[in-house]
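Between the sequences and the hints, there should be enough to build the whole structure, so can you do that?
Heads up: the sequence shown begins at -3 in the numbering used here, then just goes up one per residue.
Each pair of labels, with its calculated beta carbon distance range:
(1) L210 - R135: 39 to 47 Å
(2) G7 - N97: 34 to 42 Å
(3) A162 - N28: 34 to 42 Å
Simulated from the structure, these hints should not be mistaken for lab results.
Every residue, glycine too, gets a C-beta built ideally from N, C-alpha and C.
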Amino acid sequence: PNYELPSNIVGLTFTNPISKAIELAPILQGANDAVIALTHIGFTTNPASIEVDNTVETALAAAAPGIDVILGGHSHTDPSRQTSASGPYLYLPAFVGGPNNTPVIVNHAYRYNNYLGEVVIGLLPKPIGGYEVVARAGRYLKVEMSTPEDPAIRAIVDPYIDFLTAYTTTVIGQTEVPLDALNGYTEETNAANMQADASVWELADHGITVDFHL
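Next up, the structure:
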């Protein structure tokens, strides 16, 4: 919730992800052959980060029974090398022992489409019906400019590209001088002033008196 405007999340509540997984994973496991958690809570506790807590994917894997795979995000953990964000895990995918010491595979794919993460699970039929996960493996694939596009994926993405292109090329106003925020971190700039003025105007337009803008 600290990443969103309250007006955008009306009616939504955010609980502890590990507690919720402990509650839901066994239920999901009872009705499905495999349970895959798609998360965005960070790979492991990182003392170098300002977000130092235990609600991370390696802790989730160790605590929640019934999860077979975690596909994670948020910490931008590089699968090709150990960094401060990797903790004791040298490479990804990593294996974490679950509550019953059942291995849970955890994978990350760094950031900005640099890598494609791949996880493969092997299943065997159970005598009473259904399947059980008996093998887990994974790898990362480096994505480069020379990597050919997949036409099926491109067909899925294209409508969003068209929508965003139409949105970002819509003219909503004009300026008589160039706007420059290049040195906005160290000095006053006209682009930053415009952003501040726009924020104040928007609030005032809704009847809110602004005393201070940061």
